[in-house]
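Residue numbers (the working numbering), protein chains in the order written: chain A, 123 to 361; chain B, 123 to 361; chain C, 123 to 361; chain D, 123 to 361; chain E, 123 to 361; chain F, 123 to 361.
Hints in this document: simulated from the structure, not taken from any laboratory. Be aware that one or more of the hints could be misleading.
Unchecked claim - No farther apart than 30 Å at their CA atoms in a straight line, the calculated lysine-lysine pairs in the DSSO-like style are these:
(1) D/Lys148 - D/Lys357
(2) B/Lys210 - C/Lys288
(3) F/Lys161 - A/Lys252
(4) E/Lys240 - C/Lys288
(5) F/Lys348 - E/Lys348
(6) C/Lys321 - B/Lys318
(7) A/Lys318 - F/Lys313
(8) D/Lys318 - D/Lys240
(9) A/Lys252 - E/Lys348
(10) C/Lys348 - B/Lys348
6 protein chains.
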Amino acid sequence: MKIRIVCPIVGDWRVNESVEEANQFKAPDTDIDGVGLDKGPTSIESIYDGILATPYILDRVIEAERDGCDGVFVTCFGDPAVDGAREKVSIPVFGGFRPAALMASAICGRWSVVTILKEVVPLIRDLARKLGIENNIASVRDIDMPVLELDDKAKMQSRLVEQIEKAVMEDSAEAIVLGCTGMLGLGRTLKEVLAKQGKQVPIVEPTAAAIGFLESMIRSGISHSKLTYPFPREKERVF
Amino acid sequence: MKIRIVCPIVGDWRVNESVEEANQFKAPDTDIDGVGLDKGPTSIESIYDGILATPYILDRVIEAERDGCDGVFVTCFGDPAVDGAREKVSIPVFGGFRPAALMASAICGRWSVVTILKEVVPLIRDLARKLGIENNIASVRDIDMPVLELDDKAKMQSRLVEQIEKAVMEDSAEAIVLGCTGMLGLGRTLKEVLAKQGKQVPIVEPTAAAIGFLESMIRSGISHSKLTYPFPREKERVF
Amino acid sequence: MKIRIVCPIVGDWRVNESVEEANQFKAPDTDIDGVGLDKGPTSIESIYDGILATPYILDRVIEAERDGCDGVFVTCFGDPAVDGAREKVSIPVFGGFRPAALMASAICGRWSVVTILKEVVPLIRDLARKLGIENNIASVRDIDMPVLELDDKAKMQSRLVEQIEKAVMEDSAEAIVLGCTGMLGLGRTLKEVLAKQGKQVPIVEPTAAAIGFLESMIRSGISHSKLTYPFPREKERVF
Amino acid sequence: MKIRIVCPIVGDWRVNESVEEANQFKAPDTDIDGVGLDKGPTSIESIYDGILATPYILDRVIEAERDGCDGVFVTCFGDPAVDGAREKVSIPVFGGFRPAALMASAICGRWSVVTILKEVVPLIRDLARKLGIENNIASVRDIDMPVLELDDKAKMQSRLVEQIEKAVMEDSAEAIVLGCTGMLGLGRTLKEVLAKQGKQVPIVEPTAAAIGFLESMIRSGISHSKLTYPFPREKERVF
Amino acid sequence: MKIRIVCPIVGDWRVNESVEEANQFKAPDTDIDGVGLDKGPTSIESIYDGILATPYILDRVIEAERDGCDGVFVTCFGDPAVDGAREKVSIPVFGGFRPAALMASAICGRWSVVTILKEVVPLIRDLARKLGIENNIASVRDIDMPVLELDDKAKMQSRLVEQIEKAVMEDSAEAIVLGCTGMLGLGRTLKEVLAKQGKQVPIVEPTAAAIGFLESMIRSGISHSKLTYPFPREKERVF
Amino acid sequence: MKIRIVCPIVGDWRVNESVEEANQFKAPDTDIDGVGLDKGPTSIESIYDGILATPYILDRVIEAERDGCDGVFVTCFGDPAVDGAREKVSIPVFGGFRPAALMASAICGRWSVVTILKEVVPLIRDLARKLGIENNIASVRDIDMPVLELDDKAKMQSRLVEQIEKAVMEDSAEAIVLGCTGMLGLGRTLKEVLAKQGKQVPIVEPTAAAIGFLESMIRSGISHSKLTYPFPREKERVF
């Protein structure tokens with residue numbers, strides 16, 4: 123089984139990190155490779171950024187199917203280009219939101235998202251409404267750090283711990299979804315830090331969940347519905 | 123007051139028709155002009171088409187604000203590029219769905235959409251969920267005609283009458299939203315045809331509703347919330 | 123176009139203020155006049171007050187249609203008599219809640235109402251449920267001032283600023299609806315005060331929204347659905 | 123325990139029938155009497171009719187409390203005047219909708235209403251939304267008979283059987299609520315007729331449910347919340 | 123009329139207390155007796171406890187029908203075994219949740235539950251979802267006391283007052299449901315204590331509500347729907 | 123990785139079939155074994171059957187954890203004993219409903235369940251409500267065949283095709299969930315049969331989905347939340 127990660131930004135460094143992360147969660151017979159974009163934003167923190175990246179993501183997904191990949195993970199929590207890509211290909215395509223939100227709904231009653239910035243909260247609420255699981259969300263919190271600062275892992279971690287505790291204590295969250303696919307390599311560490319403080323709450327990592335959904339769908343021989351995402355009609359398109 | 127219509131497809135003919143249609147519903151002090159796209163699809167009937175058009179729509183909306191327009195109507199029922207455009211500009215921006223859906227909710231309990239093709243129904247349901255008014259929808263029906271066949275006005279009209287009657291009789295719709303901004307010049311005719319058959323049901327036309335929302339917001343001095351649609355951060359974007 | 127404002131209380135002073143307020147938001151070809159009630163309460167702050175006013179509001183709406191008005195605005199946020207009046211006439215009729223709630227839903231994800239008194243909050247929640255947009259509400263707050271004290275504009279303004287800030291900071295409201303049509307002449311001032319403090323949040327004023335909905339519907343030739351609000355049957359009614 | 127039935131129409135005959143009906147469902151220590159209106163409509167089949175009756179219903183409810191009654195049943199499925207009356211008195215007040223809808227929700231998953239006329243369906247849907255149980259409703263059907271024709275019991279019964287069967291077979295209703303308090307003396311008969319045809323579905327009669335709720339609340343010493351329905355403030359009201 | 127209380131734990135003392143409590147709320151022609159379990163947990167504070175008690179509760183309910191009882195109240199707020207028991211018998215069966223939740227929905231807009239322990243909150247939320255009234259819940263709070271400590275009535279009462287006040291002031295609850303059937307003999311006392319502090323909020327006691335629902339249904343001749351809870355098919359079951 | 127299938131009925135034959143089925147969907151490093159019950163029903167087609175099986179399922183799940191299994195699949199679509207088992211163990215436990223419902227929600231907008239018998243439909247609707255995804259369900263249909271007749275594979279298949287077509291054509295389902303874990307070995311066949319008729323709709327098989335969820339969770343190191351499913355308190359339990 124061959125899964126392609128599409129890192130929807132320019133710059134190669136994130137591609138490698140994403141593939142490494144994904145490799146920790148994959149089955150032994152799964153091969154994962156990754157590609158980035160030549161053009162597009164350096165991070166996605168708005169609908170606008172997602173729009174800029176979309177045509178290039180689309181190309182990468184179509185290319186992945188042509189390359190014989192069995193599934194594609196567009197590694198961004200905002201699911202940019204995902205629904206359009208599903209129209210163009212037959213192989214399963216996921217961004218970060220859907221798998222994480224559904225996995226969280228599988229293991230508890232109400233869960234919180236902890237994301238990067240207050241300004242992406244409305245976008246995440248919209249995704250939750252579209253998926254039909256809005257009532258399962260206890261809260262959407264943020265750590266007030268843009269993507270390009272997430273390299274400061276110590277700061278990211280301490281802020282995540284702080285917001286996770288608030289989500290559990292103040293919002294009655296029963297599980298946590300990490301709301302940015304750039305929050306890499308953190309699930310286990312967070313678990314340990316929280317455990318030391320006597321707290322136990324599942325941390326759903328979008329990369330892990332996405333790889334799991336893809337593997338499961340590929341083994342089951344199913345993909346997204348072509349009744350929901352039909353192939354676009356033939357017509358003149360001028361470029 | 124100056125409103126710009128962005129016709130999100132290539133080809134000039136639709137621009138003129140759209141402006142003419144809009145002029146029938148405008149206030150006397152409103153000036154409406156229109157622009158089309160140089161590149162993009164010739165019609166929008168899928169998420170993919172919307173994606174292809176999006177970067178060019180975005181340019182047109184930004185240009186409209188620079189030209190001193192007070193508001194923009196992206197004349198497509200699927201609201202392509204609308205949320206991203208709202209991030210980039212301060213003037214109000216609407217597609218066809220939001221105003222029509224809210225106007226219909228203002229005048230009845232449950233209403234139906236009659237759109238062009240079965241394949242766009244999931245997309246319309248998603249827009250309804252995002253807007254939070256899904257429970258006000260009695261049904262989403264289609265006339266099984268692609269956009270580029272809507273020139274056959276007689277056929278379009280007879281199919282619309284047929285589906286409107288079904289929506290009222292079988293789905294208990296109390297009002298109808300025309301689910302494509304290409305269904306031009308039809309509100310009054312449909313009303314008369316239905317009235318002759320002893321039926322009275324309000325027909326909400328997206329163009330009329332959009333012009334109304336824009337005029338009302340411009341006169342009130344409000345626009346979309348910058349807490350929902352903040353300006354995208356400065357960052358490197360490679361093109 | 124001729125719009126009649128029905129001020130659903132006794133006392134003439136509010137009629138003039140309401141018409142003046144409405145005139146600030148109207149199109150050039152719209153004529154707005156106003157009438158008050160001869161009998162009824164001096165303010166509406168309960169379902170009971172609304173009930174007392176209802177028969178007299180009804181008379182005023184029927185009279186407006188007879189006088190050739192094209193639409194009616196019953197200037198109270200609680201929408202008293204509106205649904206019954208819609209049964210009796212063909213011209214569009216709005217109170218303050220529906221247009222403001224729908225306008226707010228058009229420009230953001232989740233919004234808050236700031237109203238006069240804690241005791242009207244359940245009534246407002248009921249209106250939101252009926253309209254099907256309850257999930258778009260972040261909170262309903264109050265300034266703890268009865269209608270007849272709203273003359274103290276300085277106090278009203280400072281309390282509004284306080285509650286608006288709480289709605290934005292604590293409840294994540296992305297827009298604000300002023301929850302009383304007696305909160306007159308405030309939209310611009312509030313905007314400036316908030317802007318000085320570096321805060322930007324759209325303030326939806328019910329009068330502005332109602333005039334906008336009426337103008338839009340009248341120009342489009344539509345009104346409320348007679349399938350939702352049919353003419354009452356002929357029958358004996360004893361008075 | 124003393125319960126007063128307020129029959130919200132003019133004409134005495136319905137008062138007696140309603141009291142008789144209620145007496146079949148009451149506890150031995152409950153005394154039930156009834157009053158009608160001197161002024162008002164002869165039947166309630168619209169929001170308008172409810173509005174006309176409302177001031178007179180209000181008087182009757184206030185009078186009931188003054189007379190030492192422990193609870194009031196306003197015998198109409200549309201709950202006219204009920205919320206306003208709850209503000210004015212401390213004793214429990216119910217119309218027909220709330221108790222029947224909640225009783226039905228207690229005994230099955232999804233239930234249907236069978237009411238008199240298509241034109242009251244939107245009104246019933248609004249009541250369901252306000253009560254927060256809209257999703258428990260499988261359908262709202264009607265027998266196409268106005269209140270004043272319900273004297274033709276044979277016709278009413280056969281049409282009820284027909285619609286109940288459709289509700290069960292086509293809409294998957296698991297229980298039926300009779301959607302008019304004028305459908306008197308029918309629960310047992312309908313049950314037998316349906317049983318003969320091998321069908322078993324609970325029939326919730328609004329009068330039985332309302333008496334049950336009142337008795338239960340009176341014995342428990344609780345009433346509607348004064349936080350939801352506070353006493354109206356003292357103020358000038360001109361009549 | 124004969125109602126059987128099934129106390130779903132081992133130990134007789136609770137049976138007597140429960141019957142005494144119930145007797146305070148019953149009609150004069152209602153006879154209430156009670157039975158406990160020979161085997162099972164000594165209290166129910168988890169899904170697991172409910173599961174352990176379930177087969178024995180089931181036996182008791184079947185026995186009650188055989189003994190000629192007209193209805194059964196399984197006196198636990200978690201409704202253990204109730205849906206399964208409804209399949210096996212024809213007489214009405216209630217636990218504590220459904221009647222209390224529906225009674226609270228009858229008297230206010232939004233209400234809070236105050237229960238024993240944080241760990242049963244998810245279970246109560248699930249019951250609310252199943253019943254379709256989740257949106258009527260303002261909050262679910264707890265007093266942090268296990269069932270077997272509820273004998274300390276002074277402590278229980280002071281903690282209840284504290285949480286009820288928070289529910290009203292912070293969560294805008296308009297009524298309170300006591301979320302454990304072991305909170306016996308408290309409704310009136312709580313009311314007095316709260317009244318002394320100038321607070322008035324209805325306290326819904328599950329035992330009172332359950333007896334009321336049973337009496338009402340028995341007098342009306344209705345029970346739970348056999349379309350929702352059909353008799354289990356004949357088949358081999360090995361024990 | 124070691125997954126244990128608990129077949130919640132008596133009789134060994136189903137155990138083997140279930141393990142065989144599961145083996146078709148597993149990763150290469152997953153070992154799956156299975157156990158049945160010594161006591162319990164021979165099939166589960168009611169809440170009552172689920173209750174009878176529950177204590178024995180619980181034992182099997184606890185045993186599985188003791189045996190070092192990494193996860194458990196209780197192979198029944200009604201999720202019997204699952205929530206209670208989650209309280210008792212730390213390893214992930216799934217029945218058939220949750221994984222299938224979430225997988226279907228991942229690949230389309232609205233999906234239908236096709237189950238065995240009309241009488242289990244209310245039970246499935248309850249599970250959907252609890253999971254918070256009720257609005258994603260287009261319909262719940264049945265093939266009118268009890269579990270013990272599913273051996274007639276030809277009949278089962280032709281009835282499934284018939285109901286799947288109705289779900290797609292009449293209810294606008296965009297994907298299908300097989301609503302019984304006894305519908306074994308059918309996904310591919312159904313797909314082919316439907317494809318021959320020019321129809322393409324994803325068929326979600328609960329066994330495939332459950333194995334996928336378990337593998338994904340085990341690899342990610344997460345399990346159900348102990349805030350939702352805490353370990354039951356120590357207390358006296360008499361047996």
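To see whether the hints hold, each was checked on the structure:
At roughly 40 Å between alpha-carbon atoms, D/Lys148 and D/Lys357 are farther apart than 30 Å, so this suggested pair is violated. Using a Cα cut-off of 30 Å, the hinted pair B/Lys210 and C/Lys288 holds, with the two alpha carbons roughly 27 Å apart. Simply put, F/Lys161 and A/Lys252 have alpha-carbon atoms about 44 Å apart, too far for the 30 Å limit, and the pair is violated. Pair hint E/Lys240 plus C/Lys288 holds up; C-alpha atoms about 28 Å apart against a cutoff of 30 Å.
Note on F/Lys348 and E/Lys348: the hinted pairing is violated, with a Cα-Cα distance of about 36 Å set against a maximum of 30 Å. For the hint pairing C/Lys321 with B/Lys318, the CA-to-CA distance comes to about 54 Å; that exceeds 30 Å, so the pair is violated. Under the criterion of a C-alpha separation no larger than 30 Å, the hint pairing A/Lys318 with F/Lys313 is inconsistent with the structure, at around 50 Å. As the CA atoms of D/Lys318 and D/Lys240 are separated by approximately 29 Å, the hinted pair is consistent with the 30 Å bound.
Distance hint between A/Lys252 and E/Lys348 is unfulfilled; the C-alpha atoms sit about 36 Å from each other, more than 30 Å. Using a Cα cut-off of 30 Å, the hinted pair C/Lys348 and B/Lys348 is violated, with the two alpha carbons roughly 38 Å apart.
Hints 1, 3, 5, 6, 7, 9 and 10 from the list above are not met by this structure, while the remaining hints are.
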